[in-house]
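Note that the protein sequences, when read in sequence, are chains G and E. When the letters of the first sequence are read in order and numbered with the working numbering, they come out as residues 129 to 376. When the letters of the second sequence are read in order and numbered with the working numbering, they come out as residues 129 to 376.
Incorrect hints may appear among the rest.
Note: identical chains are not told apart, hence a pair may lie in one copy or across any two.
Here are the simulated SDA-like cross-link-like pairs (lysine to any residue), alpha carbons at most 20 Å apart as the crow flies [what the hints assert, rightly or not]: (1) K271 x A305; (2) K146 x L322; (3) K149 x T138; (4) K228 x V163; (5) K245 x N273; (6) K146 x N323.
Please keep in mind that the hints were generated in silico from the structure rather than gathered at the bench.
Number of protein chains: 2
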Amino acid sequence: MQLWFTEEQTSNLRFSCKIYKTLHREKSQYQDISVIETHQFGKMLVIDGTVQTTEGDEFVYHEMLVHVPMFTHDNPEKVLVIGGGDGGSIKEILKHPNVKKIVLVEIDERVVQVSKKYLPEISYGINDPKVDVVFADGIQYVKENKNEFDVILIDSTDPVGPAVGLFSKEFYSAVFACLKQDGIMCAQTESPFLNSSLIGKIYKDIHSIFPITKLFLASIPTYPSGLWSFTIGSKKYNPLEITWEKQT
Amino acid sequence: MQLWFTEEQTSNLRFSCKIYKTLHREKSQYQDISVIETHQFGKMLVIDGTVQTTEGDEFVYHEMLVHVPMFTHDNPEKVLVIGGGDGGSIKEILKHPNVKKIVLVEIDERVVQVSKKYLPEISYGINDPKVDVVFADGIQYVKENKNEFDVILIDSTDPVGPAVGLFSKEFYSAVFACLKQDGIMCAQTESPFLNSSLIGKIYKDIHSIFPITKLFLASIPTYPSGLWSFTIGSKKYNPLEITWEKQT
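For reference, chain G alone in the conformation it holds in the complex (with noise of 0.2 Å):
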C-alpha cells in the first residue's frame, strides 16, 4: 500500500510526500491538526493542510528565525515567541545564554500539547523553567505588554485564518511598542517566488515603523517554493553590523 500527503501550495502547484502513517489527526478549535510520518522528512506536522515543521528541515527555518535577530541583539534577555507552538524556535533561543525568560503566545494550546507528544525532538524546549507559555491570541497579547521585550520572533502560519492580523500594520506597530528601545523584531515572511506582492507590502509596513528594516532569505524543501523569506524590524541594532568578536 502506498500512503501520499499532498499540500496544495498553490492553485497550480502540488506537494507530495510518501507516508508510512498518521500518528495523530484532530479538529482543534481553530485549525486541522495533523502529525504525519513521512519517508523523506521523517515526522511532519501539517495544519490545515500545509506543512509547517518536519524533522527533516525545521533546523533552517528555527535556526534562520532565531538566531539572526538574537546574535543581531547585544543582550537579549527577554523574548517572546507569537505562534511557534511547535517549539522549534524555543529551542534555538534557550542556546543563547543570555536569554532569562521566554514567553510563547500561542492562540492554539492543541498546537502546543500535540507537538510535546509527537515532536518531542522539536517540542522539548517548552518544558524549560525559563518559558512561560500562554494560550492566548498573539495580537492581544503584543497590545496589553509595553516596553517589555528585547527580541519578538513571529513565528507564524500562512496569512490565513487565525494568522491574517499578524501580518498587519496595525500588528507591527503594537510590535514596537512591545520592544523596549533597543528591541528587534523578526517575522517569516512567505516566499518570494510565490508571495512577492505581500512581501513588499509587509516591507514597507515595517518600513514605515522601524527605522532598521532588513530581509534575508533561507532554503526550506517543505515549504513552496523551497525559498523563504524572514523580515526584521530594528530599533538599533544593525544585522549588517554585527562581527564575530561581538558574539563570541
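Given chain G's structure and the hints, the job is docking chain E onto it.
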C-alpha cells in the same frame, strides 16, 4: 478539466504543476522529450519525466551556472557547454562581451530542435553567429580537444541515462586537459538536501584534479528540494578573489 504534470523527484517525493496543455511530446533516440505549458511557471521542458527548465525560474539556474565562472575568469573568450541543449546557458554567456566563440556539445539533436521551436525565449542565443552547435557525446568531445577552452560548463541532466559519465572523475580529468592553462569549469551538481553523498564525491573528485575547487548554491523552485548546487574547478582564478573593479 484539470490537467496535472507530476515529477517523481525521489521515490518519496512528488512535485506537481497544473498545466494548460502539452505543446510537444516525442521519444528521441536518447530520451522522452516534452514541452508543457504550466500555470505556475510558464512553459516547461521535461526530459524523461524530470523538469529541465521553465520560463519562470530558468534565470536562476542559467545565471548562476554561467556568470559565476565567467566573471571569475579574467578573459573568457572561448567557452564550451556540455549538454544544455535548451540554450539557456548560451543566452547568458553571450552577455559577456569578451566572448568570441561558444561551442555547444549536445548529445541529443532533438533537444536543441524542440527548444528552438517551442522555447525561443530561452533558446534564442543558439542562433548567434558566435555559437557552433555540435551533436556529439560530450565525453568524447572533451577527450579529443586539448588546451582549447577558457571556460567549460557542464549543463547536464541528472546522473541517470546519457548523463552518468558526466559525473565521473575520469570525465573531470578530461575537462582539465581540455581547458587552457588558466581555465575554469563549472558543473551543475544536484541537490544538497537530497544528493549530499553524490555532492561530496563530486567535490572530492574535482578537488583531486583542480587546485581551486568551490561549491555554491542557488534556489530553483522547480528542482527537487528547491535548492541546487554548482561546483567549480579552476586552474588559476579563485571566485572568492574577484572584485567589482575587475569586472567593470
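Okay, the hints, checked on the actual structure:
{"no.": "1", "hint": "K271 x A305", "result": "within (8 Å within a copy, 67 Å between copies)"}
{"no.": "2", "hint": "K146 x L322", "result": "between (24 Å within a copy, 15 Å between copies)"}
{"no.": "3", "hint": "K149 x T138", "result": "between (25 Å within a copy, 19 Å between copies)"}
{"no.": "4", "hint": "K228 x V163", "result": "neither (31 Å within a copy, 57 Å between copies)"}
{"no.": "5", "hint": "K245 x N273", "result": "neither (30 Å within a copy, 62 Å between copies)"}
{"no.": "6", "hint": "K146 x N323", "result": "between (27 Å within a copy, 18 Å between copies)"}
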